[in-house]
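Keeping their order, the protein sequence lines are chains Z and X. All residue numbers for the first sequence refer to this note's numbering, where the first residue is 29 and numbers rise by one. All residue numbers for the second sequence refer to this note's numbering, where the first residue is 29 and numbers rise by one.
Because the hints were derived from the structure by calculation, they are not lab data. Please note: incorrect hints may appear among the correct ones.
Claimed, not checked - Below, computed lysine-lysine pairings styled on BS3-like, alpha-carbon distance capped at 30 Å:
#1 X:Lys584 with Z:Lys328
#2 Z:Lys557 with X:Lys250
#3 X:Lys584 with Z:Lys228
#4 Z:Lys584 with X:Lys228
#5 Z:Lys557 with X:Lys328
#6 Z:Lys569 with X:Lys569
#7 Z:Lys328 with X:Lys557
#8 Z:Lys228 with X:Lys569
#9 X:Lys557 with Z:Lys250
#10 Z:Lys557 with X:Lys228
#11 Z:Lys584 with X:Lys328
2 protein chains.
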Amino acid sequence: MKPTLPDWFPVLRWARGYGRGGELSADLTAAAVVTLLLIPQSLAYALLAGLPAVTGLYASMLPLVVYALMGTSPVLAAGPAALRSIMSLAAVGAVASVGSADFIAASLLLAAMVGGLLLLMGALRMGFIAGFLSAPVLSGFVTASGLLIVMSQLPHLLGVPLRGSNLGVFVQSLWQQAGALHPLTLGVGLAAMLALWAAKRWLQAALLRLGLPPGGADLVAKAAPLLIIVIAIGLTQALGWHGQGLAVVGSVPGGLPPFTLGAVFGVAPATLQALLLPALLIAMLTFVEQISIAQAFAAKRRERVDSDAEMRAMGAANLAAGLTGGHAVGASFSRSAVLHGGGARTPAAGLLTALLLGTVALFFTPWLYHLPLAVLAATILMALGSLLDFGSFARTWRYSRADFAAQALTFGVTLGVDLVSGLTVGVIASLTLYIWRSSRPHIAVVGNVPGTEHYRNVLRHEVITHPHILSLRVDENLFFANTRFLEDRVNAEVTGRPELRHVVLQCTAVNTIDTSALESLLGINQHLKDAGVQLHLSEVKGPVMDRLQRSDLLQKLTGQVFMTHHQAVAALAEAPADRSA
Amino acid sequence: MKPTLPDWFPVLRWARGYGRGGELSADLTAAAVVTLLLIPQSLAYALLAGLPAVTGLYASMLPLVVYALMGTSPVLAAGPAALRSIMSLAAVGAVASVGSADFIAASLLLAAMVGGLLLLMGALRMGFIAGFLSAPVLSGFVTASGLLIVMSQLPHLLGVPLRGSNLGVFVQSLWQQAGALHPLTLGVGLAAMLALWAAKRWLQAALLRLGLPPGGADLVAKAAPLLIIVIAIGLTQALGWHGQGLAVVGSVPGGLPPFTLGAVFGVAPATLQALLLPALLIAMLTFVEQISIAQAFAAKRRERVDSDAEMRAMGAANLAAGLTGGHAVGASFSRSAVLHGGGARTPAAGLLTALLLGTVALFFTPWLYHLPLAVLAATILMALGSLLDFGSFARTWRYSRADFAAQALTFGVTLGVDLVSGLTVGVIASLTLYIWRSSRPHIAVVGNVPGTEHYRNVLRHEVITHPHILSLRVDENLFFANTRFLEDRVNAEVTGRPELRHVVLQCTAVNTIDTSALESLLGINQHLKDAGVQLHLSEVKGPVMDRLQRSDLLQKLTGQVFMTHHQAVAALAEAPADRSA
Numbered sequence: 029m030k031p032t033l034p035d036w037f038p039v040l041r042w043a044r045g046y047g048r049g050g051e052l053s054a055d056l057t058a059a060a061v062v063t064l065l066l067i068p069q070s071l072a073y074a075l076l077a078g079l080p081a082v083t084g085l086y087a088s089m090l091p092l093v094v095y096a097l098m099g100t101s102p103v104l105a106a107g108p109a110a111l112r113s114i115m116s117l118a119a120v121g122a123v124a125s126v127g128s129a130d131f132i133a134a135s136l137l138l139a140a141m142v143g144g145l146l147l148l149m150g151a152l153r154m155g156f157i158a159g160f161l162s163a164p165v166l167s168g169f170v171t172a173s174g175l176l177i178v179m180s181q182l183p184h185l186l187g188v189p190l191r192g193s194n195l196g197v198f199v200q201s202l203w204q205q206a207g208a209l210h211p212l213t214l215g216v217g218l219a220a221m222l223a224l225w226a227a228k229r230w231l232q233a234a235l236l237r238l239g240l241p242p243g244g245a246d247l248v249a250k251a252a253p254l255l256i257i258v259i260a261i262g263l264t265q266a267l268g269w270h271g272q273g274l275a276v277v278g279s280v281p282g283g284l285p286p287f288t289l290g291a292v293f294g295v296a297p298a299t300l301q302a303l304l305l306p307a308l309l310i311a312m313l314t315f316v317e318q319i320s321i322a323q324a325f326a327a328k329r330r331e332r333v334d335s336d337a338e339m340r341a342m343g344a345a346n347l348a349a350g351l352t353g354g355h356a357v358g359a360s361f362s363r364s365a366v367l368h369g370g371g372a373r374t375p376a377a378g379l380l381t382a383l384l385l386g387t388v389a390l391f392f393t394p395w396l397y398h399l400p401l402a403v404l405a406a407t408i409l410m411a412l413g414s415l416l417d418f419g420s421f422a423r424t425w426r427y428s429r430a431d432f433a434a435q436a437l438t439f440g441v442t443l444g445v446d447l448v449s450g451l452t453v454g455v456i457a458s459l460t461l462y463i464w465r466s467s468r469p470h471i472a473v474v475g476n477v478p479g480t481e482h483y484r485n486v487l488r489h490e491v492i493t494h495p496h497i498l499s500l501r502v503d504e505n506l507f508f509a510n511t512r513f514l515e516d517r518v519n520a521e522v523t524g525r526p527e528l529r530h531v532v533l534q535c536t537a538v539n540t541i542d543t544s545a546l547e548s549l550l551g552i553n554q555h556l557k558d559a560g561v562q563l564h565l566s567e568v569k570g571p572v573m574d575r576l577q578r579s580d581l582l583q584k585l586t587g588q589v590f591m592t593h594h595q596a597v598a599a600l601a602e603a604p605a606d607r608s609a
Numbered sequence: 029m030k031p032t033l034p035d036w037f038p039v040l041r042w043a044r045g046y047g048r049g050g051e052l053s054a055d056l057t058a059a060a061v062v063t064l065l066l067i068p069q070s071l072a073y074a075l076l077a078g079l080p081a082v083t084g085l086y087a088s089m090l091p092l093v094v095y096a097l098m099g100t101s102p103v104l105a106a107g108p109a110a111l112r113s114i115m116s117l118a119a120v121g122a123v124a125s126v127g128s129a130d131f132i133a134a135s136l137l138l139a140a141m142v143g144g145l146l147l148l149m150g151a152l153r154m155g156f157i158a159g160f161l162s163a164p165v166l167s168g169f170v171t172a173s174g175l176l177i178v179m180s181q182l183p184h185l186l187g188v189p190l191r192g193s194n195l196g197v198f199v200q201s202l203w204q205q206a207g208a209l210h211p212l213t214l215g216v217g218l219a220a221m222l223a224l225w226a227a228k229r230w231l232q233a234a235l236l237r238l239g240l241p242p243g244g245a246d247l248v249a250k251a252a253p254l255l256i257i258v259i260a261i262g263l264t265q266a267l268g269w270h271g272q273g274l275a276v277v278g279s280v281p282g283g284l285p286p287f288t289l290g291a292v293f294g295v296a297p298a299t300l301q302a303l304l305l306p307a308l309l310i311a312m313l314t315f316v317e318q319i320s321i322a323q324a325f326a327a328k329r330r331e332r333v334d335s336d337a338e339m340r341a342m343g344a345a346n347l348a349a350g351l352t353g354g355h356a357v358g359a360s361f362s363r364s365a366v367l368h369g370g371g372a373r374t375p376a377a378g379l380l381t382a383l384l385l386g387t388v389a390l391f392f393t394p395w396l397y398h399l400p401l402a403v404l405a406a407t408i409l410m411a412l413g414s415l416l417d418f419g420s421f422a423r424t425w426r427y428s429r430a431d432f433a434a435q436a437l438t439f440g441v442t443l444g445v446d447l448v449s450g451l452t453v454g455v456i457a458s459l460t461l462y463i464w465r466s467s468r469p470h471i472a473v474v475g476n477v478p479g480t481e482h483y484r485n486v487l488r489h490e491v492i493t494h495p496h497i498l499s500l501r502v503d504e505n506l507f508f509a510n511t512r513f514l515e516d517r518v519n520a521e522v523t524g525r526p527e528l529r530h531v532v533l534q535c536t537a538v539n540t541i542d543t544s545a546l547e548s549l550l551g552i553n554q555h556l557k558d559a560g561v562q563l564h565l566s567e568v569k570g571p572v573m574d575r576l577q578r579s580d581l582l583q584k585l586t587g588q589v590f591m592t593h594h595q596a597v598a599a600l601a602e603a604p605a606d607r608s609a
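Bound conformation, chain Z alone:
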């Protein structure tokens, strides 16, 4: 099915009749609350990506508008998000030095490339590619990324220049600089962390006890991060902390997002090539994260998520980010929860968020000058809880040692080498593991359960067998990874049984036979023929049989295809020896 125009732009569906059911006031309320959260987050995540703070504001305007027009989820909050920022820093940091004009241009290009790849994958319905990221690999990667984010923020919190591209470099740097930490910076940062933690934990309940109505208490609690920032700005300015060495955001240019097509296209081709793999990994990660967030909320609302539409929408949003001065964007779980809790009813909530944030960008950026970086670092660190999931390692270890190995490998390489290598190694490990598992399927020699037409494993049941018939049941699809195993097994079973005349493969559990397995069956057929043994098949499923009709296996087969395994054994037991076959 080719997607139609309303499939590409679901806004064409929900915009008709918008506002008649009170959607506008619901969406506006939710948008206002999410904007309070988005202002500090967008500034912080821009710094996390190694970019000027204003980049975060730009990434929170046009991308949100685009997502609102093309997305299907009313509560999915698109925009800056921690993981993408640290990945962007790692990827772009490998091709340009942080802070340079090249670095900014390459960051925009990366966002545009992520967008282009997501759009392409969405248009070609290639969402399955995201399946390459298995859950253990993803959680190993995300937890390691969380630790890397901590490492990246500690310099801002301690007031010393540390380098933290990986664990080894970081620990060495921390050791050297431990004596040089800046007490004022550390004090401001820790105070902000404490305030954020206390606000999250106690503020709402305290306000309710003070007699505030529930709605008001909730709004104040949600605005707490912004309030803490306002207080920090006020104190810094009033007490002249910047002059005492406290690092601040500095001047943030006001106004609407610039058009940065020129910057994106000005990047050297070698940079483009170097960013391709990171862009692909970020695109996969963004999609996986987005769909899991969208599905979690859709389930609560009994709504349907259209994966392809979501992929296209986030692709267009990233393209918009790259072309209007923003870094790569994704879905934010915390802000989506706020939209859901705030009662958002259509994607217009995102559109309204962008409008509110645009107002801030137009009129309030001068106020951000004295915002301490340590406070933004505190904001990032306090939001990391959802990324660090050490319990997942224990759960995976208990459930599957092999999956744990892939998880630990991903975690180790991400932390010890870099983010792109970590995720790449993880994907390769998942695939190798899966091929390894499928390469040795369960194959049972079966025999007849007396008095029935059932055939069961000879090792587990008392069954009847015939010396000149070998019955094998294969409990797996036949495909390239396990053809050799099947050949080996048949070969081994036939060796040393000179009385054997018939091999019957019971195909109950075989859902597909690919071309490699077909060749393999032809080979087994020929090998058995050379050894004077006939090959038969039984209980072949309809679709598998349809496909086999299009090959020459059925003509070349020395034996027959039987409807049931019992029919096969009954027929072959009566006419035992046919050496000529």
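Based on these hints, arrange chain X on the given structure of chain Z.
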């Protein structure tokens, strides 16, 4: 099971009592015939690899001895083989210029690396890695390689310098040089091809009609390639063709293989890194080829092939090749057929072949001076039949369009770009295709067949369903590639059915649930819980259930696990509504 010393060296098993049953005379006869074939082939395949002819002789001595001590197949002929030579040329040609000392050293290093990788894979029982090469990809690659071999030999046959690293370069070069071809070279080459073809087709029958005994006729027919070479050498020397511009082998140093450890270790680390991927691909290819040849003959003889031992043996043989001046070696189908037909009974046949060839290397190399390169090219071209399998494309197209796409892509990239890229792209295509297929498993909504306890697809059968119960049967293992699909499907089925209270997953066809799928089931369980629907499982297989016991799914599951699907539906139909769950 850890392999024992006799597992590593099967010679310890068959050497005891060797010769008492007439093995020596049988093995010696087979070895003599195979040596007649090996002399021209070893010289030709060395030239194919861009190396001096003597390299082929070195690759035919110690490697054969090592394989004889460690291999399990009495008839597998190890040594120089066409595919490995052209791959070696392609890989080493990318890091050093053909003919230089660096090129020779890198070729030896490549052989040693292939050997090291095979030994490692054999010791770690990682033969499954070869499963990554699916049959269509392999045949697409082999056919393209065959064409590249033709391209590489045409210059020797036409007497003009052509460059043929890929199709584009070759055609361009052919166009430019067409006028410059050397008639004498072409004449000698075509005459040799004609003679080889005629000898293969008619010689044996003609000799029998002339009254020769069958054994003698057979031996003469097998020695024909060597006889043609002897005649060509005689004519070239007698008529002074070398002086008229016919390229010849030139001086071949005599004596036993040198010890070339120094050359191998003298190669730059960057070269080692560049050769790693080609070495891995050659190792995989060598193993796949070797096992399919070994199994074909083992089946005829009702013998067992030990894949791990074979891998170790060929690994050690390649290591030996690299350390004694030889290029990468593999199994030869044509020479294995000669060993089998000649009556070889133990791996000693390979040992004896090496001894006979050593005699040639010691005493007869001066005779090779006037051997025309055009005749060796003819030898190679006439042996290509088994590599070019165009019929395979038609068969694959008929059987599976997706597999054909992977095959055609591999063929195209191998021919149009290079051998290493072709095989790499093929492996990636196979994997992607498999993940794509598994990412959308067959999932059926099932209902009760009236009057039975069977449940069948509601779309294909007249069945009974309940509005508040959804029964889903998943016809595939649950793993990372298809978890999203399952989530989407459950999500879609639940949307718009407010009366739904229970979802039952029938797990008859689920052989494994990996960690990703476990997380996914936990997510589905939570999503359904949020929507007021209980999740149940039925007919979970024993091993799958054992593993689930080690997770927290069974505690968190809102519903129950039922032995049979019918029990589930019967129980849930009676107690319909449990909104609180």
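We went through each hint and held it up to the structure:
1. X:Lys584 with Z:Lys328: Cα-Cα ~17 Å, so holds.
2. Z:Lys557 with X:Lys250: 27 Å, holds
3. X:Lys584 with Z:Lys228: OK: Lys584 (chain X) and Lys228 (chain Z) at ~28 Å, within 30 Å.
4. Z:Lys584 with X:Lys228: 28 Å, holds
5. Z:Lys557 with X:Lys328: Cα-Cα ~8 Å, so holds.
6. Z:Lys569 with X:Lys569: 20 Å, holds
7. Z:Lys328 with X:Lys557: 8 Å, holds
8. Z:Lys228 with X:Lys569: 46 Å, violated
9. X:Lys557 with Z:Lys250: Between Lys557 (chain X) and Lys250 (chain Z) the Cα gap is close to 27 Å, so the pair holds against 30 Å.
10. Z:Lys557 with X:Lys228: Distance ~27 Å between Lys557 (chain Z) and Lys228 (chain X) Cα, so the pair holds.
11. Z:Lys584 with X:Lys328: Holds, at about 17 Å.
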